[in-house]
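The lines below spell out each chain.
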Amino acid sequence: MAVRFARDKAVIEGHCTVEEADALASFLLAKPGRKVDLAACTGLHAAVLQCLMALAPAVAKGPQDAGLSRWLGAVLALPSPAHDAQPRPRRRKTAERT
Amino acid sequence: MTESTEAAQLAASFVEEARALLEEAGEALLTLERDPDDAEAINALFRAVHSIKGAAGLFDLPALVHLVHAGEDLLGAMREGRLRMDGGAADELLEGLDHVGRWIEEFREAGTLAPEAMAIARHHAAAYRARLEAPGESVRAKPVATSASVRHAWAGVAAIRTAAPTGTAVLTIEYVPDAACFFSGDDPVQIAHSVPGLVWSEIVPREAWPAPADFDPYVCNLVFRLASTAGRAAIEDHFRYTPDAVTIGVLDEPVAEAPADALPPLARELVAAQARALGAAGRAGVADVAATLANVCRSLGLAAPAAGDAASLGAAIDALLGEPDAAREETPAAAPAAAATAARHEAGERTLRVEQGRIDALMNLVGELVVAKNALPFLARDAETRFGNRELAREIKDKYAVIDRITRQMQGAVMDIRMMPVADLFKRFPRLVRDIARKQDKQVDLVLEAEGTQADKNVIEALAEPLTHILRNALDHGIEGPEARRAAGKPEAATLRLVAVQEGDSVIIEVIDDGRGVDPARVRAKAVERGLIDAPRAAELTDAQAVQLVFLPGFSTAETVSDLSGRGVGMDAVRTVVERLGGAVTLDSRAGEGTRVTLKLPLSMAVTRVLTVDLAGQAYGIPMELVVETVRIPAQAIRRLKNAEAIVLRDQVVPVVRLRNLLGMAPHAATLEAVLILRIGEATIGLVIDEFGTGMDLILKPFAGILAGMSGFSGTAVLGDGRVLLVLNLKEML
Chain F
1 MAVRFARDKA VIEGHCTVEE ADALASFLLA KPGRKVDLAA CTGLHAAVLQ CLMALAPAVA
61 KGPQDAGLSR WLGAVLALPS PAHDAQPRPR RRKTAERT
Chain E
1001 MTESTEAAQL AASFVEEARA LLEEAGEALL TLERDPDDAE AINALFRAVH SIKGAAGLFD
1061 LPALVHLVHA GEDLLGAMRE GRLRMDGGAA DELLEGLDHV GRWIEEFREA GTLAPEAMAI
1121 ARHHAAAYRA RLEAPGESVR AKPVATSASV RHAWAGVAAI RTAAPTGTAV LTIEYVPDAA
1181 CFFSGDDPVQ IAHSVPGLVW SEIVPREAWP APADFDPYVC NLVFRLASTA GRAAIEDHFR
1241 YTPDAVTIGV LDEPVAEAPA DALPPLAREL VAAQARALGA AGRAGVADVA ATLANVCRSL
1301 GLAAPAAGDA ASLGAAIDAL LGEPDAAREE TPAAAPAAAA TAARHEAGER TLRVEQGRID
1361 ALMNLVGELV VAKNALPFLA RDAETRFGNR ELAREIKDKY AVIDRITRQM QGAVMDIRMM
1421 PVADLFKRFP RLVRDIARKQ DKQVDLVLEA EGTQADKNVI EALAEPLTHI LRNALDHGIE
1481 GPEARRAAGK PEAATLRLVA VQEGDSVIIE VIDDGRGVDP ARVRAKAVER GLIDAPRAAE
1541 LTDAQAVQLV FLPGFSTAET VSDLSGRGVG MDAVRTVVER LGGAVTLDSR AGEGTRVTLK
1601 LPLSMAVTRV LTVDLAGQAY GIPMELVVET VRIPAQAIRR LKNAEAIVLR DQVVPVVRLR
1661 NLLGMAPHAA TLEAVLILRI GEATIGLVID EFGTGMDLIL KPFAGILAGM SGFSGTAVLG
1721 DGRVLLVLNL KEML
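Read top to bottom, the protein sequences are chains F and E.
Number 87 in the numbering used here belongs to position 87 of the first sequence; there are no gaps in the numbering.
Number 1148 in the numbering used here belongs to position 148 of the second sequence; there are no gaps in the numbering.
Treat the hints with care, as some may be off.
Straight-line alpha carbon distances no greater than 20 Å define the calculated DMTMM-like cross-link-like pairs of lysine to aspartate or glutamate that follow [stated by the list, open to error]:
#	chain 1	residue 1	chain 2	residue 2
1	E	K1427	E	D1038
2	E	K1701	E	D1456
3	E	K1439	E	E1092
4	E	K1427	E	D1035
5	E	K1427	E	E1016
6	F	K61	F	D8
7	F	K31	E	D1214
8	F	K35	E	D1216
9	F	K31	E	D1216
These are computed hints drawn from the structure, not numbers from a lab.
Please model the complete structure; the sequences and the hints are all you need to start from.
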């Protein structure tokens, strides 16, 4: 299981597969204000990505994985020192480079 | 070497698996056509098609995957109830399955598909998509042709230019995955991010996100905007499984400048992958890593790192990445592949696949054992008569009984291995019946009743063709069109039953239709016209006997198929095959009510039970299944009728034949004649012989070599005392 559900936070670890999307969506929908923790996440299936985009939960921790962080940062509002959370997620953003 | 053997094994198991899945899919499709609401069938069909696609993904079979993918989309819609299965859709899907079946065989033989396969796949996929979109539910934006003139509106983003290396042509790609793509196992994120030469990407929703309560995570609502420096061909190849989900455009104006210190994402991935490769356990050399790094650097216009040992390469990689620890976790791409392998392992059955040759060898050995065992009674007799030791003789007989029992069990066990359910044979017929019935606008319900009936593999395999003939005949000639049936007061849909039951040592297969039956008058006329029988004799035959004339060789030939409305296409071929297997075929018909063709076959061809007969001191074998009884009759009781002889047995006239005459031997006079009453087909015949022998089980060996063409005998067997027994083929002789 790549997703652990805490009280108000879904912790995604490793590669989050398509099977997880439904559980994640229901978890996020059940109570507004629930967050996701992507720190240990290394990859997302498109269905999971959709959940994060559509339901726009606050991201407690961005992914440490550099590759994932790069493209995900362009899609979601990731809390990272470089960019603070933006009001709207999935704003078009230039690809970040190192 | 091992790698290629492994690949070959993988391919072989894929072919086998795909065949089974195709069969499953075909079956489910037919069930579904009859009952479009059968949820189990649609699930089975979807699963089978999905598994084929999954398995095919391991090989380079884009045409196959493309076609199966489109079919899967269509089935997905049916599963969700958006579409209904009908005859037309079933036709198209079956046709698709046929192509897939052919491609699988092609792949098995050649390892690759003919180039025209893709065109066929596209054609069918387009047909499926057309169905999918027909109900007015436009699932996704219609893709524009991927011509060079496509300009994506979003392509003006300056970031693309800055991301791409200086002076390179950049293609923009808009990838709109199908809304149902998750169900076919695609991960668009993964697909988009593995585009060759990817320099820039952006993900936006296709439509504005719905209210959270209405959000369905499994409807793909994403659009990927990508920019790549790879060639158009490479990109098209990357999206070859979903060619109509992408449009490729050009970003004119080559990029102005690119910062030297940055690696584009793809290059970064590549370099990181090299770092992982370098760290992998058990690496022999580093030349491949060095070469890849040099290529990456060259294409980016950077100085290539000096090729050296692992440590210096590692340092070079770190320098390129600008960080010491590149992600060492499993790449996302590896995960689905691993899952697929795990699934394949799980699917393994608890069966052992053995080459048929090995079982045959075992069978032969058991046969030898039977023969060797049969020598013991002779030995016992010798012990008693020649050496006068009755006690030893009894001991030998006791031991013989034990060995006999074990041999029988062993024989049974080996034969069990060769047994195959008759249902396996029947599986292929629903499709055949459906296709013919549709072609002729007839409605036919095929009912298969095989339960657990089993028979020897050779018998099953040899029966496929005769049964096809019989079914074809039933559909072509026996079953009427719906109007004719209504006029005759029958239900419009005809019932065609295919029944298999075991009866003693035989398996009986019946093909029963409720069509118009065989017209005896027409059969008589036809037989006379063809010169198979003369008119007076034809007139003498009862109706039941007359319909058997269809089994005569030459009764029907290809050109008469259309003008003969009775039965008869190739029925003599059917009879030949069935009799070669040691079986019999009969036809029973009632005008207006239907026809029943009965095939009776031995369960196993391996062991033949024969009755030996003595003729001029020589033993001959006669298949036991033909023998009805043995009688002794005074010589004068054999009456002569013109050139034929007959006896009266229980008030029934039975024609008799002398075996000595048949074999061209000198006549033999006896006061009490030994007569075997045989039943051959529907006829009862007496066979006059010198003396009866005993019944025994034999492994019959057909003639080989220069004796192969010998008629009148079905084979030879070695007796326990070493003598060779010739087994007569009486069906041929009489």
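Quick check: which numbered hints come out false for this structure?
Going through the list in order, the structure violates no hint and respects every one.
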